[in-house]
Amino acid sequence: APGYTHFPQFLADYQVEVVASLPCYLEENCDSQRGNGVFRKSIEALKLLNTLGYGKPGSSLMLSLVYNPTGLSLPPNQQKLEQSYRDQLRERFGIEFNQLYTITNMPISRFLDDLITSGRYDEYMSLLVRSFNRDAVDGLMCRSTISVDWQGYLYDCDFNQMLDLPLANSPRIQISRVSASDLMDQPIAVGRHCFGCTAGAGSSCRGSLLESK
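For the sequence shown, the numbering used here gives the first residue as 1, with consecutive numbering after it.
Among the hints, erroneous ones may be present.
To be verified - Restraint-style ranges between C-beta atoms, simulated for each label pair:
{"hint": "1", "residue 1": "Asp122", "residue 2": "Val66", "range": "25 to 31 Å"}
{"hint": "2", "residue 1": "Ser179", "residue 2": "Phe93", "range": "45 to 51 Å"}
{"hint": "3", "residue 1": "Gly71", "residue 2": "Glu44", "range": "25 to 31 Å"}
{"hint": "4", "residue 1": "Trp150", "residue 2": "Leu127", "range": "30 to 36 Å"}
{"hint": "5", "residue 1": "Gly37", "residue 2": "Ser126", "range": "33 to 39 Å"}
{"hint": "6", "residue 1": "Val178", "residue 2": "Pro8", "range": "34 to 40 Å"}
{"hint": "7", "residue 1": "Val19", "residue 2": "Ala168", "range": "23 to 29 Å"}
Derived by calculation from the structure, the hints in this document are not laboratory data.
From the three backbone atoms N, C-alpha and C, an ideal C-beta is built for every residue, glycine too.
Let's have the full structure, built from the sequences with the hints guiding it.
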């Protein structure tokens, strides 16, 4: 895109890990979720990153892809889907990448609007609640990380930031006013959307939390 052509080289120069969304390795499925032409543009961008060394064996430049399900379903087995992505992208486009993250669609923002408009919000929430996995709780992002917005305000996770849901027992507070010890053993602000991270094999910004069977 105009004005952004220098970014790939800039990212490579500073060893920035790239995490890129590619909801499917099939053009029709990808474009139906993200818009016409998105798949082809994504493929060209991934090829460019490969030419700079991203995702290549032996390279320190990391390139990860992100999968989100289409429709009302949970992500499939992350390891098996990663192999399918690897085979398809390598054979059809010569594209290499390091790993694939599968992430559950969270009932917030645009996806929430779509669920409500289609009258399927209760159906999707029922799926998430039924699929609750206690084993996924220990690895939840909100238990070991924080999210910081552009003004320095703290949230328990990225999704809470998107919902403007602040820390549970604190007023809106900026990172410059707290220490790590201040945040230890504090309760976590939760909502119904949290079932998205505990469903099935669990979900995080680094993909599934558990090895699926």
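Evaluated hints:
| no. | hint | result |
| --- | --- | --- |
| 1 | Asp122 <-> Val66: 25 to 31 Å | holds, 27 Å |
| 2 | Ser179 <-> Phe93: 45 to 51 Å | holds, 48 Å |
| 3 | Gly71 <-> Glu44: 25 to 31 Å | holds, 27 Å |
| 4 | Trp150 <-> Leu127: 30 to 36 Å | holds, 33 Å |
| 5 | Gly37 <-> Ser126: 33 to 39 Å | holds, 35 Å |
| 6 | Val178 <-> Pro8: 34 to 40 Å | holds, 36 Å |
| 7 | Val19 <-> Ala168: 23 to 29 Å | holds, 28 Å |
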